[in-house]
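J.: Okay, here's what each chain looks like letter by letter:
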Amino acid sequence: AQSVAQPEDQVNVAEGNPLTVKCTYSVSGNPYLFWYVQYPNRGLQFLLKYITGDNLVKGSYGFEAEFNKSQTSFHLKKPSALVSDSALYFCAVTRGSTLGRLYFGRGTQLTVWP
Amino acid sequence: EPEVTQTPSHQVTQMGQEVILRCVPISNHLYFYWYRQILGQKVEFLVSFYNNEISEKSEIFDDQFSVERPDGSNFTLKIRSTKLEDSAMYFCASSASTGGGYEQYFGPGTRLTVT
Numbered sequence: 001a002q003s004v005a006q007p008e009d010q011v012n013v014a015e016g017n018p019l020t021v022k023c024t025y026s027v028s029g030n031p032y033l034f035w036y037v038q039y040p041n042r043g044l045q046f047l048l049k050y051i052t053g054d055n056l057v058k059g060s061y062g063f064e065a066e067f068n069k070s071q072t073s074f075h076l077k078k079p080s081a082l083v084s085d086s087a088l089y090f091c092a093v094t095r096g097s098t099l100g101r102l103y104f105g106r107g108t109q110l111t112v113w114p
Numbered sequence: 001e002p003e004v005t006q007t008p009s010h011q012v013t014q015m016g017q018e019v020i021l022r023c024v025p026i027s028n029h030l031y032f033y034w035y036r037q038i039l040g041q042k043v044e045f046l047v048s049f050y051n052n053e054i055s056e057k058s059e060i061f062d063d064q065f066s067v068e069r070p071d072g073s074n075f076t077l078k079i080r081s082t083k084l085e086d087s088a089m090y091f092c093a094s095s096a097s098t099g100g101g102y103e104q105y106f107g108p109g110t111r112l113t114v115t
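In order, the protein sequence lines correspond to chains A and B.
Each residue of the first sequence is one higher than the one before, counting from 1 in our numbering.
Each residue of the second sequence is one higher than the one before, counting from 1 in our numbering.
These are computed hints drawn from the structure, not numbers from a lab.
No experiment lies behind these values; they were computed from the predicted model shown.
One or more of the hints may lead you astray.
Each pair of labels, with its calculated beta carbon distance range [unchecked claim]: (1) A:A14 / B:I38: 30 to 38 Å; (2) A:S26 / B:N51: 26 to 34 Å; (3) B:L30 / A:Q10: 20 to 28 Å; (4) A:P18 / B:S81: 24 to 32 Å; (5) B:P70 / A:P18: 44 to 52 Å; (6) A:Y39 / B:V24: 19 to 27 Å.
All C-beta atoms, glycine included, are put in the ideal place defined by N, C-alpha and C.
With these hints in hand, go ahead and build the complete structure from the sequences.
T.: Right, here's the structure in full:
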């Protein structure tokens, strides 16, 4: 069965510091991995994805994520956090052979304080 | 930038009533999805829809649920007889294609409260 774990319910960082939001996954076959962000009263916004190729993928708003096959991880990173990055972040996975069904983690609330 | 829209934003209904949640996917997308999130739990897949038929459904999507694309723009989720445990945020999503490599674009959600 496919699953995603986000081990931290909350991550707190100071503005200007680097941030990491962790994600590990379990999937049969090749994984396609995604990060989404949710701001209050908004839908899930796509940030970035890993399909194949370079393990480091870059996305919107300066975010990047590193795919690590041996550790089955796909951690979200940003070199310098902004207060406006404060939101709920979801990691999701699907198998390459599926019809697009996404399996989500529980979400991590990121708070960046000034 | 094109967006997925959903109406209503909040629906309150009594147990046993029928509800229809509406979505307008991005206009050139071909694949449509419904997910739900019960408060404090994961976002869960309900159903995917392509070419006017269900492509895949989860174990949650039982006979009480149905989906329809009644015209060229709307995509609906119907719950025939709501239960208390159907209270959740329901998200509609669409994608240009599938095969796993295409990101899904989500609407803002409809919060369904069953009393």
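J.: Next step is simple, just say for each hint if it's right about the structure.
T.: Hint-by-hint comparison with the structure:
Taking the beta carbon of each, A14 (chain A) and I38 (chain B) are about 33 Å apart, inside 30 to 38 Å as hinted. Judged by the Cβ atoms, the range 26 to 34 Å given for S26 (chain A) and N51 (chain B) holds: they are separated by roughly 31 Å. A hinted range of 20 to 28 Å for the beta carbons of L30 (chain B) and Q10 (chain A) is inconsistent with their spacing of about 38 Å. Under the hint 24 to 32 Å, the C-beta atoms of P18 (chain A) and S81 (chain B), about 50 Å apart, miss the expected range.
Taken as a hint, the range 44 to 52 Å holds for the pair P70 (chain B) and P18 (chain A), whose Cβ atoms sit roughly 48 Å apart. Taking the beta carbon of each, Y39 (chain A) and V24 (chain B) are about 20 Å apart, inside 19 to 27 Å as hinted.
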